[in-house]
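Listed here are the chains, written in short residue letters.
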Amino acid sequence: MAFLRRLRSRLVVIAGLLTLGYLLLPNVVVTVFSFNDPKGRFNYTWQKFSTDAWTDPCGVADLCGSLSISLQIAAWATLGATVLGTMIAFALVRYRFRARGAVNSLIFLPMAMPEVVMAASLLTLFLNLGAQLGFWTILIAHIMFCLSFVVVAVKARVMSMDPRLEEAARDLYAGPVQTFVRVTLPIAAPGIAAGALLAFALSFDDFIITNFNAGALVTFPMFVWGSAQRGTPVQINVIGTAMFVVAVLCVLAGMAVGNRRKRQKAA
Amino acid sequence: MAAVTEAPPPLAPATPEQKPPPGRGRLVPYWLLLPGILWLLVFFVMPMVYQASTSVQTGSLEEGYQVTWHFATYWDALSEYWPQFLRSVLYAGSATVLCLLLGYPLAYLIAFRAGRWRNLILILVIAPFFTSFLIRTLAWKTILADGGPVVGALNTLHVLDVTSWLGITAGDRVLATPLAVICGLTYNFLPFMILPLYTSLERIDGRLHEAAGDLYATPFTTFRKVTFPLSMPGVVSGTLLTFIPASGDYVNADLLGSTDTRMVGNVIQTQFLRILDYPTAAALSFILMAAILIMVTLYIRKSGTEDLV
Numbered sequence: 001m002a003f004l005r006r007l008r009s010r011l012v013v014i015a016g017l018l019t020l021g022y023l024l025l026p027n028v029v030v031t032v033f034s035f036n037d038p039k040g041r042f043n044y045t046w047q048k049f050s051t052d053a054w055t056d057p058c059g060v061a062d063l064c065g066s067l068s069i070s071l072q073i074a075a076w077a078t079l080g081a082t083v084l085g086t087m088i089a090f091a092l093v094r095y096r097f098r099a100r101g102a103v104n105s106l107i108f109l110p111m112a113m114p115e116v117v118m119a120a121s122l123l124t125l126f127l128n129l130g131a132q133l134g135f136w137t138i139l140i141a142h143i144m145f146c147l148s149f150v151v152v153a154v155k156a157r158v159m160s161m162d163p164r165l166e167e168a169a170r171d172l173y174a175g176p177v178q179t180f181v182r183v184t185l186p187i188a189a190p191g192i193a194a195g196a197l198l199a200f201a202l203s204f205d206d207f208i209i210t211n212f213n214a215g216a217l218v219t220f221p222m223f224v225w226g227s228a229q230r231g232t233p234v235q236i237n238v239i240g241t242a243m244f245v246v247a248v249l250c251v252l253a254g255m256a257v258g259n260r261r262k263r264q265k266a267a
Numbered sequence: 001m002a003a004v005t006e007a008p009p010p011l012a013p014a015t016p017e018q019k020p021p022p023g024r025g026r027l028v029p030y031w032l033l034l035p036g037i038l039w040l041l042v043f044f045v046m047p048m049v050y051q052a053s054t055s056v057q058t059g060s061l062e063e064g065y066q067v068t069w070h071f072a073t074y075w076d077a078l079s080e081y082w083p084q085f086l087r088s089v090l091y092a093g094s095a096t097v098l099c100l101l102l103g104y105p106l107a108y109l110i111a112f113r114a115g116r117w118r119n120l121i122l123i124l125v126i127a128p129f130f131t132s133f134l135i136r137t138l139a140w141k142t143i144l145a146d147g148g149p150v151v152g153a154l155n156t157l158h159v160l161d162v163t164s165w166l167g168i169t170a171g172d173r174v175l176a177t178p179l180a181v182i183c184g185l186t187y188n189f190l191p192f193m194i195l196p197l198y199t200s201l202e203r204i205d206g207r208l209h210e211a212a213g214d215l216y217a218t219p220f221t222t223f224r225k226v227t228f229p230l231s232m233p234g235v236v237s238g239t240l241l242t243f244i245p246a247s248g249d250y251v252n253a254d255l256l257g258s259t260d261t262r263m264v265g266n267v268i269q270t271q272f273l274r275i276l277d278y279p280t281a282a283a284l285s286f287i288l289m290a291a292i293l294i295m296v297t298l299y300i301r302k303s304g305t306e307d308l309v
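Residue numbers (full-length UniProt numbering), protein chains in the order written: chain W, 1 to 267; chain H, 1 to 309.
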């Protein structure tokens, strides 16, 4: 009986780890195949070890160009969505106003809508207005769908903020601007940073909305999509692996800094 | 200044809402809301209106389109593409159920069993996002390749016989079958299930488990009567976050499937970007939106969770 119970309690752990394996397996494949030397145009079967792609990551026409377009769009979309979203979040938490329910639904709806619906309807708008599809239409679309996620992230942080801290600042004769810059903003910063990071990741990796509204402009996900039809260069695996490694290292470094700070505070 | 000898009176509980400041300050929230809400109105609501209008137009690319209230487009679109609609619901539904079955143990593991590994496992759940999802989806082409180790193992274990009988694989292949599409959808949206599940599991007071044990509940009864009901908010938002994007997805069906696995997203994409039949595409997209909104509303009503945002 004891053995059975132990097995059953391990069962959850085993099942959980299997799921984790399922989640990480494609990343392992992407990494391994970044060292492949494929025969033919597609990089789907293992041939032999090679570091050619790692020494020449931009060796494929348009690949690094598309990467730089994606980074630019993601940077501007993050800036736009973070500013607009933070303003909305503050208004929602700190003020009473009419049409609050309507505003809440308007924030929620873009997150509850399949991407393809937003993509298709935006395209009808742009076509009807005769807008030139390209950088600006992608940027407009990305700010639109990142906005709600920033609002949710910032709102959560501002809601847990103690309003007495700002009252204290005002009591100490800080003006509204000074209170905001010196007290409110630093406390809200982690929420704003989380929202901005999320917006950057969403925009950089977006495919469906971009696919509809890009015109002839090729972002990095669009490049990968095209290469699935024309032939997948090993370099896309190199870039996928590099992004993965850099991001994980950044997170681990951030955690190490956080832990050290916590320990210093405790000491 | 008098010295404070007594403890200060307890402060009023922190209220998130403040009294509206007098005078000009009353307009502050509206100025804060204005740019963002305007953005959403122009680039989210207005497109929906344009789309609704496009769906009842007739005409051609050369001569232009006119609103003729041609509602037959909806009927034609449904009668021609109902298999794709059905497939979207079936594939997205199966992927959601699989995500719940696979994701729950992992969320449970992170919340209750991981100990000092908790943060590391959480990072590993989020980490795949840092590689473009298209690259990761293409990796499934390698994993599920014909005659590869995975397909070989499934064959030896006679799993493929069962799935063929169910009609979701054909012969010795997994790629280009419904199973591959469902597997890709499950993979792509699994973190969206795990994270909300984890959040709601983590909030559960561990003493409730102890109490259930003290009252002679078996671990299974504890799970069924205590843990699972308390994790319902996570289950509801996880299923929504999985089902909604999966039902509109066309990437997995395109990269891992075949022409027999096309979902409604694929139809909207080709109608809009290749065939350029805008009214049909707009009608399809409108039906998808309406179906999702109705399902979401019913589901939220039924599960009694209103605080999703």
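Errors might be hidden in some of the hints.
As the list claims (entries may be wrong) - Heads up, simulated DMTMM-like pairs for lysine to aspartate or glutamate below, C-alpha to C-alpha not over 25 Å straight-line:
{"hint": "1", "chain 1": "W", "residue 1": "K39", "chain 2": "W", "residue 2": "D56"}
{"hint": "2", "chain 1": "W", "residue 1": "K262", "chain 2": "W", "residue 2": "D171"}
{"hint": "3", "chain 1": "W", "residue 1": "K39", "chain 2": "H", "residue 2": "D146"}
{"hint": "4", "chain 1": "W", "residue 1": "K39", "chain 2": "W", "residue 2": "D62"}
{"hint": "5", "chain 1": "H", "residue 1": "K225", "chain 2": "H", "residue 2": "E210"}
{"hint": "6", "chain 1": "W", "residue 1": "K262", "chain 2": "H", "residue 2": "E202"}
{"hint": "7", "chain 1": "H", "residue 1": "K302", "chain 2": "H", "residue 2": "E202"}
{"hint": "8", "chain 1": "W", "residue 1": "K48", "chain 2": "H", "residue 2": "E202"}
{"hint": "9", "chain 1": "W", "residue 1": "K265", "chain 2": "W", "residue 2": "D171"}
Treat the hints as calculated values from the structure; they're not laboratory data. Keep in mind that this is a model prediction, so the values were computed, not measured.
Structure-based check of each hint:
{"no.": "1", "hint": "W:K39 / W:D56", "result": "holds, 18 Å"}
{"no.": "2", "hint": "W:K262 / W:D171", "result": "violated, 30 Å"}
{"no.": "3", "hint": "W:K39 / H:D146", "result": "holds, 17 Å"}
{"no.": "4", "hint": "W:K39 / W:D62", "result": "holds, 21 Å"}
{"no.": "5", "hint": "H:K225 / H:E210", "result": "holds, 13 Å"}
{"no.": "6", "hint": "W:K262 / H:E202", "result": "holds, 22 Å"}
{"no.": "7", "hint": "H:K302 / H:E202", "result": "holds, 24 Å"}
{"no.": "8", "hint": "W:K48 / H:E202", "result": "violated, 46 Å"}
{"no.": "9", "hint": "W:K265 / W:D171", "result": "violated, 28 Å"}
When each numbered hint is compared with the structure, violations occur for hints 2, 8, 9.
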